[in-house]
Amino acid sequence: MLLKLNPNSGEPLYLQLMQLIRHAAESGVLRDGDQLPSIRALAEELVVSPNTVVKAYTELEHEGLIELRQGAGAFVSLGRRARAVLDHIETAKLRAGEFIFELRAEGLRDDEIRRVFDAALMGAPHEARKR
Amino acid sequence: MTGPAIQTKDLCKSYGRVDAVREMNLSVGAHRITGFLGRNGAGKSTTIKMLLGMIRPTSGEGRVLNCRIGNPSESIHLRRHTAFVAEDKRLYPYMSVAEIIRFTSSFYPDWRTGAQESLLRKFELPPARRVGSLSKGMRTKLALLLALARQPDLLILDEPSEGLDPTGVEQLLEILVAHCSEGTSIFFSSHQIEEVERIADQVCIVEHGRVLLDASMDDIRQYSRQIELGFPFDAAGLNFDFAGVRRVRTAGRQMTLLTSGNADEIIDRARGYGASSIETSPLRLRQLFLSMVQENSDALV
Amino acid sequence: MLWYKAWLETRARFLISLCGMTSLGTWYAYNELHDASKFARAEWYFRVLHTGHTLLATMWVAAVLILMMGGLLRERDLGTAPFTLALPVSRGRLMRTRILVGILESSALAIVPWTALFVTVNRFGSPPVIPQALFHLLLLAGGGVVFFATAFLVSSSVEGEYTAPAVSIGLLFVCVFASDDRAFRDYNPFNFILGTEYLDRASQLLIGPAPWAHVFANILVSALLTALAIQSIQKKDF
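Residue numbers (numbering that gives the first Met the number 0), protein chains in the order written: chain Z, 0 to 130; chain H, 0 to 300; chain U, 0 to 237.
Same shape as in the complex, but just chain Z (with noise of 0.2 Å):
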């Protein structure tokens, strides 16, 4: 499995990989029932602390996404409500494809896309403004 943490962004190691992992099993390539790989062979692939490795996997096991099986490691094991979220990011992808090729077509560059999609998440209000 072909992975690689960016240092540089400000999020912690071990929700980049949990993203990484969720975007695998989104877009297929990890499959209900794959093994991962081992925390020890994972953290020396990606060059980091197997701690990461553990809190990412135990994250995703209680968001349902993965199942850790004592002795034998940890599989990937689609529950129904994961599945569900799955679906849902994957519709939420082509809603948010379709506004960045409305931003592209007026002329923005995909950072400038970049930029105003941060700064909204950081401004947004959590609850819906009133129109």
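There could be a bad hint or two in this list.
[Unchecked claim] Quick list of in silico lysine to aspartate or glutamate cross-link-like pairs, DMTMM-like style, CA-CA up to 20 Å:
#, chain 1, residue 1, chain 2, residue 2
1, Z, K3, H, E73
2, Z, K54, H, E173
3, H, K121, H, E73
4, U, K234, U, E74
5, U, K235, H, E73
6, Z, K54, H, D218
7, U, K235, U, D180
8, U, K235, H, D18
9, H, K121, Z, E43
10, H, K135, U, D76
11, Z, K92, Z, D110
12, Z, K3, H, E169
[Stated by the list, open to error] Quick partial rundown of chain Z residues pointing at chain H, CB under 10 Å, derived from the structure:
#, residue
13, L4
14, P6
15, N7
16, G9
17, Y13
18, M17
19, S26
20, R30
21, V46
22, I88
Keep in mind the hints are simulated off the structure, nothing from the lab. Ideal Cβ positions, reconstructed from N, Cα and C, are used throughout, including at glycine.
Keeping the supplied structure of chain Z fixed, place chains H and U upon it in accordance with the hints.
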């Protein structure tokens, strides 16, 4: 193992009127990788030597693997379960590589012959060559082998990658990560901040013999930010004295802040002041470190 | 394997001294005596024995002073002290090993060259030599122990790769030059080893009861010096 791998309480060391280490309160977690950053002369090596019984503290106490550092027999016990690579990686010049391996392995029940053989191959060390005739890079690798061909409870490394080429550094980091996977706690000091950033779970920054910061890399990544503000007026004199702000630089209408926390509050206040542009970006460990030690050297200590 | 390390550290000095002393002592005795059948007087043999002893004793003291250089202070200069001190052994054990290896090597440096000397003297038809041999060796051991302990103390408290041996050899020079000094004469361990006090000029024999009291006093002094050395290292910061 329960409890921290290393814990010190108000550890001090003075040489005459010079305080090398001042009320050092360290807590290094077990089964984790902890980076120890500091400028030259900040007290890192002195602290490590006190932990291993090479230097007697002026005052204070410490425990390594739950053994008191000031008690001679407990100190021997902790050394049996700790592997150490000193800053000066010199080894007995009159022994051959094979001889010093045999010598060192005789002291440790946790020696792993399999690891020894694989490291000899990986580091390309000639067993028959005298240590005195090894190049500096090979000496470093040999010193590392003597520590890493074991499965100790604790690994203490003082500038382990000094003298290694990039391939060697990568090998070293992989080996450290593998050791931690097997349960070894790792405590290493380094000037290579990027290496620490990659593998450390926890980072401890010291300056003038004191701990300035003791935080997890996750928290540092999540909360350290560089905030660039633009105002439609001269920004001098605007107040941003939040906890965590490490450096503020003002140039006309532009202001740059480096902070290890409270980014949201800073942005709110900037908006309140009428900032026309607000840009945040992640703050790398190197920038955070430099901003902290330089700020501290300006302040009256 | 601490013994092995101590051996490796002193091996060269030890072997050079052993070969040098044995060959020089034997050569001297052979040179003086190989046509000695013409002068078959007892005191001639004993003079050679005693002079040979003086030669060997001087070399022995110098050798032991150099042999006992080393230890943790020297390792600090070399840069290997952190490695050694990180080993799960006490400083006391490190020092005891060095002392014991030093005693074994110093004993070998006494027994082998002296035996060669005595055998050579005996071979050319001298009267029985064993009682005199033993007396000489007693003087050597009884006085040498002070030099041994002094060297150990110097190596444990004087810093500097060349300063420590310079101080040690310097002390030997002091003893040699002060050997005539009336006040110091009774206490000078070098004089004790040479046995001038017990030498009968006519017969060239060492006579008198064996000086056990003096030997015992020397041993006490050596024990004190050794204890000081051990304390010095225990307290040091590396």
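Status of each hint after checking the structure:
no., hint, result
1, K3(Z) - E73(H), "43 Å, violated"
2, K54(Z) - E173(H), "19 Å, holds"
3, K121(H) - E73(H), "35 Å, violated"
4, K234(U) - E74(U), "16 Å, holds"
5, K235(U) - E73(H), "19 Å, holds"
6, K54(Z) - D218(H), "14 Å, holds"
7, K235(U) - D180(U), "37 Å, violated"
8, K235(U) - D18(H), "18 Å, holds"
9, K121(H) - E43(Z), "15 Å, holds"
10, K135(H) - D76(U), "18 Å, holds"
11, K92(Z) - D110(Z), "18 Å, holds"
12, K3(Z) - E169(H), "15 Å, holds"
13, L4, "9 Å, holds"
14, P6, "6 Å, holds"
15, N7, "6 Å, holds"
16, G9, "3 Å, holds"
17, Y13, "7 Å, holds"
18, M17, "12 Å, violated"
19, S26, "25 Å, violated"
20, R30, "26 Å, violated"
21, V46, "5 Å, holds"
22, I88, "22 Å, violated"
In this structure, the earlier hints numbered 1, 3, 7, 18, 19, 20, 22 are contradicted, and the remaining ones agree with it.
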